[in-house]
Amino acid sequence: MARLTATWLTLILASMTVLSSPDVSKVIKQLVNGIADEGVISELKSALQVDSSATSWWAWLGYVHSLRQEWEEAEKAYLRASQLEAKPSFAWFPPTLPISWLPKHGNISAMTINGLTIWQSPLVFYEPLFATDPKHGDRFHHIVFTYGPKKQNQLAEQLVQWMVQSSELPSHISDAPSLFAAALQLLSERFGTKLKFPLKAWLFAKGNGSAFSFAGHTLFYGTIPNDRWAWWLKVAHEAGHHAVPAFGEFDGLHEPYSGGFLGERLFAVWLWNLGQGMQSNGEMHRKLSEYLRWIVSAEIVRAQQWLLQNSKAKPTMQVFLGLCLYLERLGGCELLRDVMANSNGDSWNDFQTGIERTFAKQLQNGLKIRLRAPDANTPVSTFDISALIDGLKLPAIQLAWWLPKGEFRCAVVVKGNGVLQVRWGDNEIAEWEFKSSETQTLSHTFSNLNSGWQRLRFWWLKGEGEILSVTFWQR
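Sequential numbering of the sequence shown, starting at 1, is according to the working numbering.
Quick caveat, the hints were computed from the structure, so don't treat them as lab data.
Glycine is no exception: its CB is placed at the ideal position from the N, C-alpha and C atoms.
Please note that the accuracy of each hint is not assured.
DEER-style ranges, computed between Cβ atoms [stated by the list, open to error]:
{"#": "1", "residue 1": "87", "residue 2": "37", "range": "25 to 35 angstroms"}
{"#": "2", "residue 1": "141", "residue 2": "350", "range": "44 to 54 angstroms"}
{"#": "3", "residue 1": "436", "residue 2": "469", "range": "11 to 21 angstroms"}
{"#": "4", "residue 1": "431", "residue 2": "256", "range": "43 to 53 angstroms"}
Derived pair list, reagent style DSS-like, types lysine-lysine, alpha-carbon separation capped at 30 angstroms [stated by the list, open to error]:
{"#": "5", "residue 1": "87", "residue 2": "76"}
{"#": "6", "residue 1": "415", "residue 2": "435"}
{"#": "7", "residue 1": "206", "residue 2": "104"}
{"#": "8", "residue 1": "196", "residue 2": "368"}
{"#": "9", "residue 1": "312", "residue 2": "405"}
{"#": "10", "residue 1": "151", "residue 2": "196"}
{"#": "11", "residue 1": "206", "residue 2": "29"}
{"#": "12", "residue 1": "26", "residue 2": "200"}
{"#": "13", "residue 1": "206", "residue 2": "135"}
{"#": "14", "residue 1": "393", "residue 2": "435"}
{"#": "15", "residue 1": "45", "residue 2": "29"}
{"#": "16", "residue 1": "200", "residue 2": "29"}
{"#": "17", "residue 1": "314", "residue 2": "361"}
{"#": "18", "residue 1": "194", "residue 2": "76"}
{"#": "19", "residue 1": "104", "residue 2": "76"}
{"#": "20", "residue 1": "415", "residue 2": "462"}
{"#": "21", "residue 1": "368", "residue 2": "393"}
{"#": "22", "residue 1": "29", "residue 2": "287"}
{"#": "23", "residue 1": "287", "residue 2": "361"}
{"#": "24", "residue 1": "151", "residue 2": "368"}
{"#": "25", "residue 1": "206", "residue 2": "151"}
{"#": "26", "residue 1": "26", "residue 2": "196"}
{"#": "27", "residue 1": "135", "residue 2": "76"}
{"#": "28", "residue 1": "415", "residue 2": "314"}
{"#": "29", "residue 1": "206", "residue 2": "196"}
{"#": "30", "residue 1": "368", "residue 2": "194"}
{"#": "31", "residue 1": "26", "residue 2": "194"}
{"#": "32", "residue 1": "368", "residue 2": "405"}
{"#": "33", "residue 1": "287", "residue 2": "393"}
{"#": "34", "residue 1": "150", "residue 2": "196"}
{"#": "35", "residue 1": "87", "residue 2": "150"}
{"#": "36", "residue 1": "87", "residue 2": "194"}
{"#": "37", "residue 1": "194", "residue 2": "361"}
{"#": "38", "residue 1": "206", "residue 2": "150"}
{"#": "39", "residue 1": "104", "residue 2": "150"}
{"#": "40", "residue 1": "312", "residue 2": "135"}
All chains, full assembly: derive it from the sequences and hints.
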């Protein structure tokens, strides 16, 4: 009789444990879908009363409190999971986290690019079962989360959810999720593009190396090429499709619209701002330098030469990209963004209209440029690419520039010692002599008889110096 009673007691206790534990898949599905009501919290706490050492439930309790932005309670739950030696899982990475947590939370790694810090989670299992891509319906069982800082608070939000079919992320793609997130954030901020974060990336285990982007998603078919720098360019290219206004159609490259190509080129230029940060990795620094020389700088030179012909034909894609890069280097991303915003549409003619409207407006208050580009006659093989950041320092400089017909004032900020001559087209508009190496600002007026692109020339007839900026006003 005693043995029978003990058996029934064991069965009753087991039943109570089962009944007291939440429906695992139901609770996780609710949390992943953002449902964080009191009922979910109650179920998790009931489960922990039955088994207080269940690390996964402590982590999910931290997740639900994070969804509710109850950070003190969330921190306590995650701390308990950590004390129990829980391994990072989906539950450690809710949509929003305090930035102060990230250096020590869930084995997250950090990467800073152009002043923007991105945090990346390790590869974890997708919860509750798997994710399904929206185009082919294939299953993905693993995921990487990336976070970036939200404006005006101390929180970080998910920027990219990177789905993976295989059980590990190849080494040459290990930081691609962070690069993708950084490119999306920088490009969308600088072009004023509204993106709904997080975007979802889908890395297929097999494929021909192509990629395809559409609203909110990017599909990467396979892990080739087996090259880290190529993947940096690939993710920046796809970020461009999401965040950079696209113009076209143009001939010359494998896509007729410019958004992706411009995204990867601009991101490469901004990477150069890292300076010593990139130089610590010799191979990546070398590949970036080659790209800036043979792609970015070459296209800027080609664009200027084409512009000075004042051709009525539509340019090739490479020339159009060179013009966009040229405007960004001389006037900043603000100038390029305004040109795009002032265009009537997405054609070449629309872009020309955008240039004319933007220049006309900015010339009223002063259109300022810095000479951070190769000049129109630069042999690319000898170009010092540091000038893309620091500006040209040459005895003679010739640049293509556009002005409408009218009367103008030009102010040049110079640091040097000698005699500087400034010419617009074939006409001399100023000649100044400097007897001090201190920074000086000199201005002169001139007439432009015909609207269009002309050569803007600076020649040091004696001595040497550096032109820090040039500003034009229409009188």
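Now the hints, each set against the structure:
1. 87 <-> 37: 25 to 35 angstroms: Given range 25 to 35 angstroms: holds, Cβ gap about 28 angstroms.
2. 141 <-> 350: 44 to 54 angstroms: Given about 45 angstroms between the Cβ atoms, the range holds.
3. 436 <-> 469: 11 to 21 angstroms: holds (18 angstroms)
4. 431 <-> 256: 43 to 53 angstroms: holds (47 angstroms)
5. 87 <-> 76: Answer holds: residue 87 to residue 76 is near 16 angstroms, not above 30 angstroms.
6. 415 <-> 435: holds (11 angstroms)
7. 206 <-> 104: Violated. Residue 206 to residue 104 sits at ~34 angstroms, over the 30 angstroms cutoff.
8. 196 <-> 368: violated (34 angstroms)
9. 312 <-> 405: holds (18 angstroms)
10. 151 <-> 196: holds (15 angstroms)
11. 206 <-> 29: The hint holds at about 29 angstroms.
12. 26 <-> 200: Holds: residue 26 and residue 200 sit about 23 angstroms apart, inside 30 angstroms.
13. 206 <-> 135: Answer holds: residue 206 to residue 135 is near 16 angstroms, not above 30 angstroms.
14. 393 <-> 435: This hinted pair holds, its Cα atoms lying about 19 angstroms apart.
15. 45 <-> 29: holds (17 angstroms)
16. 200 <-> 29: Holds - the C-alpha atoms of residue 29 and residue 200 are around 18 angstroms apart, at most 30 angstroms.
17. 314 <-> 361: Holds, because 25 angstroms separates the two Cα atoms, which is no more than 30 angstroms.
18. 194 <-> 76: violated (35 angstroms)
19. 104 <-> 76: Distance of about 14 angstroms is within 30 angstroms: holds.
20. 415 <-> 462: OK: residue 415 and residue 462 at ~14 angstroms, within 30 angstroms.
21. 368 <-> 393: Satisfied, since the Cα-Cα distance of roughly 18 angstroms is no more than 30 angstroms.
22. 29 <-> 287: Violated - the C-alpha atoms of residue 287 and residue 29 are around 44 angstroms apart, more than 30 angstroms.
23. 287 <-> 361: Since the Cα atoms of residue 287 and residue 361 sit roughly 39 angstroms apart, the hinted pair is violated (cutoff 30 angstroms).
24. 151 <-> 368: The hint holds at about 28 angstroms.
25. 206 <-> 151: Roughly 38 angstroms separates the two Cα atoms, so the pair is violated.
26. 26 <-> 196: holds (27 angstroms)
27. 135 <-> 76: Measuring from Cα to Cα gives roughly 40 angstroms; hence the hint is violated.
28. 415 <-> 314: violated (39 angstroms)
29. 206 <-> 196: holds (28 angstroms)
30. 368 <-> 194: holds (27 angstroms)
31. 26 <-> 194: violated (33 angstroms)
32. 368 <-> 405: holds (18 angstroms)
33. 287 <-> 393: holds (24 angstroms)
34. 150 <-> 196: holds (13 angstroms)
35. 87 <-> 150: holds (27 angstroms)
36. 87 <-> 194: violated (35 angstroms)
37. 194 <-> 361: With Cα atoms ~25 angstroms apart, residue 194 and residue 361 stay inside 30 angstroms; holds.
38. 206 <-> 150: violated (35 angstroms)
39. 104 <-> 150: holds (19 angstroms)
40. 312 <-> 135: Violated: residue 312 and residue 135 sit about 42 angstroms apart, past 30 angstroms.
This entry does not satisfy hints 7, 8, 18, 22, 23, 25, 27, 28, 31, 36, 38, 40, going by the numbered hints stated previously.
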